[in-house]
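Once you have looked at the hints, place chain E on chain D.
Chains D and E, in that order, are what the protein sequence lines are. Quick note: the numbering used here has the first sequence finishing at residue 424, numbered continuously throughout. Quick note: the numbering used here has the second sequence finishing at residue 233, numbered continuously throughout.
Just so you know, the hints here were simulated from the structure itself, not pulled from any lab data. The structure presented is a predicted model; accordingly, all values stated were derived computationally and were not measured. There's no promise every hint is true.
[As the list claims (entries may be wrong)] As a list, the in silico DSS-like pairs of lysine-lysine whose alpha-carbon atoms are at most 27 Å apart:
| id | chain 1 | residue 1 | chain 2 | residue 2 |
| --- | --- | --- | --- | --- |
| 1 | E | 216 | E | 35 |
| 2 | E | 125 | E | 191 |
| 3 | E | 226 | E | 13 |
| 4 | E | 197 | E | 216 |
| 5 | D | 145 | D | 165 |
| 6 | E | 191 | D | 7 |
| 7 | E | 143 | E | 164 |
| 8 | E | 125 | E | 143 |
| 9 | E | 124 | D | 7 |
| 10 | D | 7 | E | 223 |
| 11 | D | 7 | E | 197 |
| 12 | E | 35 | E | 191 |
| 13 | E | 141 | E | 164 |
| 14 | E | 125 | D | 7 |
| 15 | E | 143 | D | 7 |
| 16 | D | 324 | E | 223 |
| 17 | E | 223 | E | 208 |
| 18 | E | 87 | D | 7 |
| 19 | E | 208 | E | 197 |
| 20 | E | 164 | E | 124 |
| 21 | E | 216 | E | 191 |
| 22 | E | 35 | E | 223 |
| 23 | E | 125 | E | 139 |
| 24 | E | 229 | E | 143 |
| 25 | D | 7 | E | 122 |
| 26 | E | 191 | E | 164 |
| 27 | D | 324 | E | 87 |
| 28 | E | 125 | E | 141 |
| 29 | E | 164 | E | 87 |
| 30 | E | 216 | E | 164 |
| 31 | E | 223 | E | 191 |
| 32 | E | 191 | E | 13 |
| 33 | D | 324 | E | 164 |
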Amino acid sequence: MIRFLFKGLLRDRHRSLIPFIVTATGVMLTVVFHSWITGVLGNSIEFNARFAAGHVKIMTSAYSKNAAQTPNDLAILGTDTLTRIISEQFPEMEFSERIYFAGLVDVPDLSGETRAQGPSMGIGIDMLSGNQAEIERLNIPSSLKSGSLPQQRREALLSRTFAEKLGLHIGDTLTLVSSTMFGELALYNFTLCGTIEFGTTALDRGTLIADITDVRDALNMADATGEILGFSRIGHYNNEEATNIASRFNKSYYSEKDDFSLLMKSLAEQNNMGFLVEYSSKLKGILVFVFIVAMSLILWNAGLLGGLRRYGEFGMRLAIGEEKGHVYRTTLMESLIIGFLGSMAGTIIGLAISFYLQTYGIDLGPMMKNASIMMPQVFRARITPEAWYIGFIPGVLSSLFGTMIAGIGIYKRQTAQLFKELES
Amino acid sequence: MNDEVIITIEGLKKHFPVGSGRFTALNGIDLSFGKGEFAGLIGPSGSGKTTLLNIMGTLDSPSEGMAIILGESVGNLSARASALLRKSQLGFIFQSYNLFQVYTVFENVEFPLLLQGIEASKRKKMVLDALEWVGLTDKIKSKPAQLSGGESQRVAIARAMVKKPAIVLADEPTANLDAANSHNILQTMEKLNRELKTTFIFATHDEKVIGYVRRKIFLFDGKVAKDEKIEKN
Numbered sequence: 001m002i003r004f005l006f007k008g009l010l011r012d013r014h015r016s017l018i019p020f021i022v023t024a025t026g027v028m029l030t031v032v033f034h035s036w037i038t039g040v041l042g043n044s045i046e047f048n049a050r051f052a053a054g055h056v057k058i059m060t061s062a063y064s065k066n067a068a069q070t071p072n073d074l075a076i077l078g079t080d081t082l083t084r085i086i087s088e089q090f091p092e093m094e095f096s097e098r099i100y101f102a103g104l105v106d107v108p109d110l111s112g113e114t115r116a117q118g119p120s121m122g123i124g125i126d127m128l129s130g131n132q133a134e135i136e137r138l139n140i141p142s143s144l145k146s147g148s149l150p151q152q153r154r155e156a157l158l159s160r161t162f163a164e165k166l167g168l169h170i171g172d173t174l175t176l177v178s179s180t181m182f183g184e185l186a187l188y189n190f191t192l193c194g195t196i197e198f199g200t201t202a203l204d205r206g207t208l209i210a211d212i213t214d215v216r217d218a219l220n221m222a223d224a225t226g227e228i229l230g231f232s233r234i235g236h237y238n239n240e241e242a243t244n245i246a247s248r249f250n251k252s253y254y255s256e257k258d259d260f261s262l263l264m265k266s267l268a269e270q271n272n273m274g275f276l277v278e279y280s281s282k283l284k285g286i287l288v289f290v291f292i293v294a295m296s297l298i299l300w301n302a303g304l305l306g307g308l309r310r311y312g313e314f315g316m317r318l319a320i321g322e323e324k325g326h327v328y329r330t331t332l333m334e335s336l337i338i339g340f341l342g343s344m345a346g347t348i349i350g351l352a353i354s355f356y357l358q359t360y361g362i363d364l365g366p367m368m369k370n371a372s373i374m375m376p377q378v379f380r381a382r383i384t385p386e387a388w389y390i391g392f393i394p395g396v397l398s399s400l401f402g403t404m405i406a407g408i409g410i411y412k413r414q415t416a417q418l419f420k421e422l423e424s
Numbered sequence: 001m002n003d004e005v006i007i008t009i010e011g012l013k014k015h016f017p018v019g020s021g022r023f024t025a026l027n028g029i030d031l032s033f034g035k036g037e038f039a040g041l042i043g044p045s046g047s048g049k050t051t052l053l054n055i056m057g058t059l060d061s062p063s064e065g066m067a068i069i070l071g072e073s074v075g076n077l078s079a080r081a082s083a084l085l086r087k088s089q090l091g092f093i094f095q096s097y098n099l100f101q102v103y104t105v106f107e108n109v110e111f112p113l114l115l116q117g118i119e120a121s122k123r124k125k126m127v128l129d130a131l132e133w134v135g136l137t138d139k140i141k142s143k144p145a146q147l148s149g150g151e152s153q154r155v156a157i158a159r160a161m162v163k164k165p166a167i168v169l170a171d172e173p174t175a176n177l178d179a180a181n182s183h184n185i186l187q188t189m190e191k192l193n194r195e196l197k198t199t200f201i202f203a204t205h206d207e208k209v210i211g212y213v214r215r216k217i218f219l220f221d222g223k224v225a226k227d228e229k230i231e232k233n
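Just chain D, same shape as in the assembly (with noise of 0.2 Å):
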C-alpha cells in the first residue's frame, strides 16, 4: 500500500514535484535570507573589529580613559613578554600589537625644506615579520592601489587621496613628525612604497601604515605599544566569549587603583559599540523571524491547498473503503517526505548560495563614495551552523502544518460532504 501511494506521489507532479519546488524554494530563500543578514550585520562590527577595536581590546586602565585620543604616554610596556604571556593564557584569542597615532606628514623639497604638509592619522601593524594576520586582517593587498607593502624597514603606505594631495609618488620620502611617548617631538623618515585605498572616507582620508618596529622607533615606544587588540579564532565576534575572556583577563590584571594596570574590553564595551551588537541581534532576530513566519505562512499554504486539492481524491479512497485515519496519515507522511526533501535541496541550494556570497560577497563601494562612517565597502553572507537546519522550520513544519490542518477536514466532513466535493 505504502509503495502504490509513493508510485503515486512520484507520478502526480501536483503533489511531489510542485511543492518540492516550492518548499526547495522558500527554504533557499531563508537560508540565503538568514546568512545574508548575519553576514552583513556582521560585517560592520567585523570591520570595526579588524581597523579599530578588535575583539577583545588591551589598553592600560589609564589608556582606555582618552582611547579616542590615543594617548601612548600611557602605552603598555614590555609587550613582548606580555603577548607571548596572554597569547598562552587565551589560546582562543590571535593577539596583534597595534600602535595608533596621529602626527603631520611633512613632504621636503630638494633642498629639505617643506614642500607640502597635512595631518595624518597612522597606524604601526606587524608587516615585516613574515606573520600575515594584520596585512590580510586590515585587507591592505586588496587595498593597495599603487606601489607595493613593505619590504623593509622605513618604508610606509599612504591614503591615495593623501599622496596625491600632497604630491607624492612612490620611492618619495615623507617625514613623521609626531610625539614620542614621552612627550618629546618625533621626527621620522619613511619612504613611500605604495597607496591605499579602503573605500571608506574616514580610513581614506590621511591614513599611514607603517610597520610597528619603525613606528616603535620614531616615537621612542621600545617594547611598548598602545594597544593590543585580540581576534577570536572562530573567525567572528562572540559577544559571549569576547565578555567571558575580558571578565577572566581582568580579573588577573587590572586594578582599579593602578592606572597602568590592564585592562581588557570586549567590543561591545569600546566606542558605543556595544548598541551596534545589540542592535544588530536584534536586528537579526526580528528580520529572521519575520522572514520566517512570511516563509511559513507561504508553506503552510501550499500544504493547505495541497490537502484542499485532493478532498475529492480522499473522498474516492474512503468510498472504496479506506480508513480516515489511514488517509491522513499517508497525507502527513507524503508532507512530511516532500517537506524533508525539500528543505534539504533548498537548503544545499540556500548554501551554496550563501557560500558564494560569503567568499565573494557583493560590492556596495560605487554607492558609498561619501561614507564617513567605518563601514566595509564588500558586504558578504556568512554561514553560521543556523543556516543548516533554520530552512526546516519553514520547509517541514509548516507544509507539514499545513497539511494537517487541510487533513482535519477529513474528520469534519462527513464522508458524502467529501464526496461531493469530489464530484464538483
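Chain E alone, transformed into the frame defined by chain D:
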C-alpha cells in the same frame, strides 16, 4: 433474485441544514432489497435518490429511521466499521468515473484489493479477471487520460467488482456516455449481476438504464412514489 434480504430501510428520513432551517431530502422511506437485484432509483433531480444511495453505501447516515445493510445498521456504525463494510462488501460506480489519474488501469482496479491486504499474485489474478469481465485486458498499462469515456466507466466497473462485493451502487453511471457505450456498460453490469449474483442499485433518470433494470423505484420529494418489479427473461 432469491429471497435473501440484504438491505432493509424503514422510516428513513434525512434532513440537511439550510440556513436557519432544514431541507428534508428523504421523508420516510421504506424499502428492502434482496440478493441479486438489478434495481433503479428513478426520479428527477432533488428527489433524494443520491442521498438514499449514499446512505445505503454508508457514506452518510440517517437522520431518523433505520437502514440495515448486510445486517449492519448504518446509523450505529463507527467510521472504522463502515469503512470495513465498504472495503469488503460495497462497490461504487459514479457518473464521472473518478479514476485515479496517475495510476494505470491495472493499478486503479488493484486499489480495493490493496486495502484488503490481498497478496500480490492473487491480486494480479483478480485484477485480470475483473478486466476480462469488462473486456479491457488490452488496456492494463493505459492511464485514464488515454481511455474513452466508455472505457473509463468500464474500468470503474472493474474496480467496483474486483473484490466481488455483495452490493454495487451506481450513481448515474451512463450520464456521460453516448448510447452505444451506455448499452455496452449496462449489458456488462447485467451480465455480472447474473453471473456473480451481485446486487446492483442505480440512481438514474436515464431511459436507457430504466430499460435494463428489473425493479423500478420511483422517488418524488423524498418519498417512494411507486415501486414496480418487472419480470424479464
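For each hint, the structure was consulted:
1. Taken as a hint, the residue 216 of chain E and residue 35 of chain E pair is honoured in the structure, with Cα atoms around 16 Å apart against an allowance of 27 Å.
2. For the given pair, residue 125 of chain E sits about 20 Å from residue 191 of chain E by alpha-carbon distance, which is consistent with the 27 Å threshold.
3. For the hint pairing residue 226 of chain E with residue 13 of chain E, the CA-to-CA distance comes to about 18 Å; that is within 27 Å, so the pair holds.
4. Straight-line distance between C-alpha atoms of residue 197 of chain E and residue 216 of chain E comes to about 18 Å, which keeps the hinted pair within the 27 Å bound.
5. A distance of roughly 15 Å separates the Cα atoms of residue 145 of chain D and residue 165 of chain D; the hinted pair therefore holds under the 27 Å criterion.
6. For the given pair, residue 191 of chain E sits about 34 Å from residue 7 of chain D by alpha-carbon distance, which is inconsistent with the 27 Å threshold.
7. Of the supplied pair hints, the one linking residue 143 of chain E and residue 164 of chain E holds, its CA atoms being roughly 23 Å apart against a limit of 27 Å.
8. A hinted pair counts as satisfied when its Cα atoms are at most 27 Å apart, and residue 125 of chain E with residue 143 of chain E qualifies at roughly 20 Å.
9. Note on residue 124 of chain E and residue 7 of chain D: the hinted pairing holds, with a Cα-Cα distance of about 17 Å set against a maximum of 27 Å.
10. With a C-alpha separation of about 46 Å, the suggested pair residue 7 of chain D and residue 223 of chain E falls outside the 27 Å cut-off, and the hint is violated.
11. For the suggested pair residue 7 of chain D and residue 197 of chain E, the alpha carbons sit about 35 Å apart, so the restraint of at most 27 Å is broken.
12. For a cut-off of 27 Å, the pair hint linking residue 35 of chain E to residue 191 of chain E stands: about 15 Å separates their Cα positions.
13. Taken as a hint, the residue 141 of chain E and residue 164 of chain E pair is honoured in the structure, with Cα atoms around 22 Å apart against an allowance of 27 Å.
14. The suggested pairing of residue 125 of chain E with residue 7 of chain D holds, with an alpha-carbon distance near 21 Å, which does not exceed 27 Å.
15. Proximity of residue 143 of chain E to residue 7 of chain D is assessed by CA-CA distance (about 14 Å); at most 27 Å being required, the pair is judged to hold.
16. The suggested pairing of residue 324 of chain D with residue 223 of chain E is violated, with an alpha-carbon distance near 32 Å, which exceeds 27 Å.
17. With a C-alpha separation of about 23 Å, the suggested pairing of residue 223 of chain E with residue 208 of chain E holds against the 27 Å cut-off.
18. Only pairs whose Cα atoms come within 27 Å are accepted, and residue 87 of chain E paired with residue 7 of chain D is accepted, the gap being roughly 22 Å.
19. Taken as a hint, the residue 208 of chain E and residue 197 of chain E pair is honoured in the structure, with Cα atoms around 22 Å apart against an allowance of 27 Å.
20. Only pairs whose Cα atoms come within 27 Å are accepted, and residue 164 of chain E paired with residue 124 of chain E is accepted, the gap being roughly 15 Å.
21. At most 27 Å may separate the alpha-carbon atoms for a hinted pair to count; residue 216 of chain E and residue 191 of chain E meet this at roughly 19 Å.
22. Distance restraint check for residue 35 of chain E and residue 223 of chain E: the Cα-Cα separation of roughly 23 Å lies within the 27 Å cut-off, and the hinted pair is therefore satisfied.
23. For a cut-off of 27 Å, the pair hint linking residue 125 of chain E to residue 139 of chain E stands: about 15 Å separates their Cα positions.
24. Between residue 229 of chain E and residue 143 of chain E the CA atoms are separated by roughly 40 Å; this puts the pair beyond 27 Å, and the hint is violated.
25. About 21 Å separates the Cα atoms of residue 7 of chain D and residue 122 of chain E, which keeps this hinted pair within 27 Å; it holds.
26. At roughly 14 Å between alpha-carbon atoms, residue 191 of chain E and residue 164 of chain E fall within 27 Å of each other, so this suggested pair holds.
27. Annotation: proposed proximity of residue 324 of chain D to residue 87 of chain E holds, straight-line Cα distance about 12 Å (limit 27 Å).
28. Between residue 125 of chain E and residue 141 of chain E the CA atoms are separated by roughly 15 Å; this keeps the pair inside 27 Å, and the hint holds.
29. In summary, the hint linking residue 164 of chain E to residue 87 of chain E is supported, as the alpha carbons are separated by about 11 Å, within the 27 Å threshold.
30. Taken as a hint, the residue 216 of chain E and residue 164 of chain E pair is honoured in the structure, with Cα atoms around 24 Å apart against an allowance of 27 Å.
31. As the CA atoms of residue 223 of chain E and residue 191 of chain E are separated by approximately 30 Å, the hinted pair breaks the 27 Å bound.
32. For the hint linking residue 191 of chain E to residue 13 of chain E, the alpha-carbon distance of about 33 Å lies beyond 27 Å, and the restraint is violated.
33. At most 27 Å may separate the alpha-carbon atoms for a hinted pair to count; residue 324 of chain D and residue 164 of chain E meet this at roughly 23 Å.
In summary, the numbered hints that this structure violates are 6, 10, 11, 16, 24, 31, 32.
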